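Here is what each chain is made of, one letter per residue.
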Amino acid sequence: ILNVEQSPQSLHVQEGDSTNFTCSFPSSNFYALHWYRWETAKSPEALFVMTLNGDEKKKGRISATLNTKEGYSYLYIKGSQPEDSATYLCASFGRGAQKLVFGQGTRLTINP
Amino acid sequence: NAGVTQTPKFQVLKTGQSMTLQCAQDMNHNSMYWYRQDPGMGLRLIYYSASEGTTDKGEVPNGYNVSRLNKREFSLRLESAAPSQTSVYFCASSSGTSYNEQFFGPGTRLTVL
Chain A
1 ILNVEQSPQS LHVQEGDSTN FTCSFPSSNF YALHWYRWET AKSPEALFVM TLNGDEKKKG
61 RISATLNTKE GYSYLYIKGS QPEDSATYLC ASFGRGAQKL VFGQGTRLTI NP
Chain B
1 NAGVTQTPKF QVLKTGQSMT LQCAQDMNHN SMYWYRQDPG MGLRLIYYSA SEGTTDKGEV
61 PNGYNVSRLN KREFSLRLES AAPSQTSVYF CASSSGTSYN EQFFGPGTRL TVL
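Protein sequences appear in the order of chains A and B. When the count follows the numbering used here, it moves up by one through the first sequence with no breaks and lands on 112 for the last residue. When the count follows the numbering used here, it moves up by one through the second sequence with no breaks and lands on 113 for the last residue.
The shape of chain A in the complex, shown without the other chains (with noise of 0.2 angstroms):
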């Protein structure tokens, strides 16, 4: 099973303020990278999915970015405002599977 590591676990920043944290993910044999957010009492909705090395997404002020040949992805928020607030996940699919495996998330708190 995919190891999935996520940093930090949680992240409180203020608003306006730019922010990013980090996904490691098994290098070999490396497939599909997911982003997903998911807010207090819903349900996760994706961000993002990313193949391609050096790959980079982005949705209004969040964008990630991909590196598959040391098994890391970055996700930036830049000018951080409160609906910002809420638990970001990441899930790597390997090569050969049929399956996400994710990460534990960081939650991220935006002070007003």
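Quick caveat, the hints were computed from the structure, so don't treat them as lab data. Any given hint might turn out to be false.
[Unchecked claim] In the DSSO-like style, the derived pairs of lysine-lysine whose C-alpha atoms are separated by at most 30 angstroms in a straight line are:
hint, chain 1, residue 1, chain 2, residue 2
1, A, K59, A, K69
2, B, K9, B, K57
3, A, K69, A, K57
4, A, K58, A, K78
5, B, K9, A, K42
6, B, K14, A, K42
7, B, K57, B, K14
8, A, K58, A, K42
9, B, K71, A, K42
10, A, K78, A, K59
11, A, K59, B, K14
12, A, K78, A, K42
[To be verified] Cβ-to-Cβ under 8 angstroms is the rule here; a few derived chain B residues that face chain A:
hint, residue
13, P39
14, E101
15, F104
All values derive from a computational prediction rather than experimental measurement. Using N, Cα and C, we set each Cβ at its ideal position, and we do this for glycine too.
Fit chain B to the known structure of chain A by using the hints.
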């Protein structure tokens, strides 16, 4: 278009009771999944169905069974509930497997006393 629906939303069971969690999707997705979410553990895969007619074990299958009734529906059964199965259960679906995002249902909060 309801997406992924789950029933019930809440359930309390006594140890040893059985129950089935229902999941349905209306997006014509091939793949469906059952996860459980526990504090500090993230999402852990219980069972999945890559396509209609197939099911496979995930990371934590013990104590559970599944049925892919048709392309739309994927149910999770607890034959003899245990307190360790107290959790929030999420069903998800995707059109394929690796490249396709998963869509999650609203979750079922299960308490086993």
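Against the structure, the hints:
no.	hint	verdict
1	K59(A) <-> K69(A)	holds, 24 angstroms
2	K9(B) <-> K57(B)	holds, 24 angstroms
3	K69(A) <-> K57(A)	holds, 18 angstroms
4	K58(A) <-> K78(A)	holds, 11 angstroms
5	K9(B) <-> K42(A)	holds, 12 angstroms
6	K14(B) <-> K42(A)	holds, 26 angstroms
7	K57(B) <-> K14(B)	holds, 25 angstroms
8	K58(A) <-> K42(A)	holds, 23 angstroms
9	K71(B) <-> K42(A)	holds, 25 angstroms
10	K78(A) <-> K59(A)	holds, 11 angstroms
11	K59(A) <-> K14(B)	violated, 45 angstroms
12	K78(A) <-> K42(A)	holds, 23 angstroms
13	P39	violated, 10 angstroms
14	E101	holds, 3 angstroms
15	F104	holds, 4 angstroms
The structure fails hints 11 and 13 (numbered hints given earlier, in ascending order).
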